[in-house]
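Here the protein sequences line up with chains A and B, keeping their order.
Residue 51 in this note's numbering sits at position 51 of the first sequence; the count goes up by one each step and never skips.
Residue 73 in this note's numbering sits at position 73 of the second sequence; the count goes up by one each step and never skips.
Don't take every hint at face value.
[As the list claims (entries may be wrong)] Okay, the calculated beta carbon distance ranges per label pair:
1. Arg-37/A - Ala-20/B: 18 to 28 Å
2. Pro-33/A - Ala-20/B: 17 to 27 Å
3. Cys-72/A - Gly-22/B: 16 to 26 Å
4. Ile-55/B - Lys-34/A: 26 to 36 Å
[To be verified] List time: in silico PhoX-like cross-link candidates among lysine-lysine, alpha-carbon distance up to 20 Å:
5. Lys-85/B - Lys-113/B
6. Lys-80/B - Lys-113/B
7. Lys-80/B - Lys-114/B
8. Lys-85/B - Lys-114/B
9. Lys-34/A - Lys-208/B
10. Lys-207/B - Lys-34/A
What the hints contain is simulated information worked out from the structure, not anything from laboratory work.
Fair warning: this is a prediction, and the values are worked out from it, not measured in the lab.
Virtual Cβ for every residue (Gly too), placed ideally from N, Cα, C.
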Amino acid sequence: MNSFWIATIGTSVIAFALKYSGHSVPEKWLSHPKIQRINALIPIALLSALVAVQSFSEKSTLMIDQRMVGLCVAIAALMLKAPFPLVVLSAAISSAAVYNWL
Amino acid sequence: MSVSLTVGAYGVAFGAASVANGFSVLQSCLLSLLTFSGASQFAVIGVLGAGGSAISGIATASLLGVRNALYGVIMAPRLKVHGVKRVLAAQVTIDESTGVALGQEVRGTDEMKKGFWYTGIGVFVFWNLFTLAGALGAQAMGDIRAFGLDSAVPAAFLGLVWPRLTGRFERLLAVGCAFFAIAMTPILPAGLPIIATAFIAIAVGLKK
């Protein structure tokens with residue numbers, strides 16, 4: 001079994017264990033208002049970090065490229081209250097346009 | 001449904017990238033079926049593709065997968081499922097399903113559940129179909145950037161976080177975490193800058 005198989009299976013097993021453990025935490029752990037508040041804040045933190053990292057980096061290198069244009073267009077679309085598919089589509093089209101023609 | 005289509009389509013990019021990084025078509029499809037968490041999957045193929053060990057690949061992917069456990073904690077009291085249904089719910093507990101469910105919070109628990117299941121299953125189906133397509137067509141497709149796919153996913157994440165930025169405090173946290181993650185990217189191993197922001201959320205949540 002080579003490292004690619006170990007990585008495939010190991011990642012999958014741990015990924016499911018993490019997901020399932022989240023669903024199996026006793027409900028009373030959640031009754032505390034601070035826990036609920038933290039639970040609401042964590043997705044904001046992680047999703048914002050994901051937006052940033054996926055827009056401005058390639059592995060461990062920071063870079064500004066066509067994705068920044070896509071991100072700006074997405075922000076503009078959201079500020080104009082565009083529906084979700086339009087936000088994503090406009091980001092993809094503007095990014096592809098910059099990449100292909102600039 | 002739109003979330004499902006959008007993010008499912010990004011599966012093409014994963015399938016293609018996975019094969020380009022040395023994983024077989026079968027391994028790529030197994031990652032999408034079993035791991036089913038985009039960021040974790042990209043992390044593991046990225047680490048191994050760059051010559052990293054299986055252990056470091058698994059560790060990076062798993063750090064990214066911790067947030068799915070946190071999503072499970074959010075969703076479990078709303079879904080109230082047991083047995084096989086809990087196994088299924090756990091498997092489709094990802095950014096998109098949880099994000100859509102939380103977006104329906106004002107409309108009540110039933111709408112949240114509906115959002116969670118439709119999005120989770122929809123993304124699962126599209127993600128896996130398109131992973132297979134991407135893996136098979138890896139050579140033919142060439143450059144995903146030419147299709148704007150590299151911008152579609154951050155835009156999707158942005159669309160998911162946007163409705164949650166209800167006040168000044170939330171917006172400040174979002175911007176702060178974004179800058180923190182970027183600043184840490186050249187320093188910390190891939191994946192850690194993102195997971196570290198969860199601890200920022202915990203710290204400010206405890207303080208406030």
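Of the numbered hints stated earlier in the document, which are not met by this structure?
1, 2, 3
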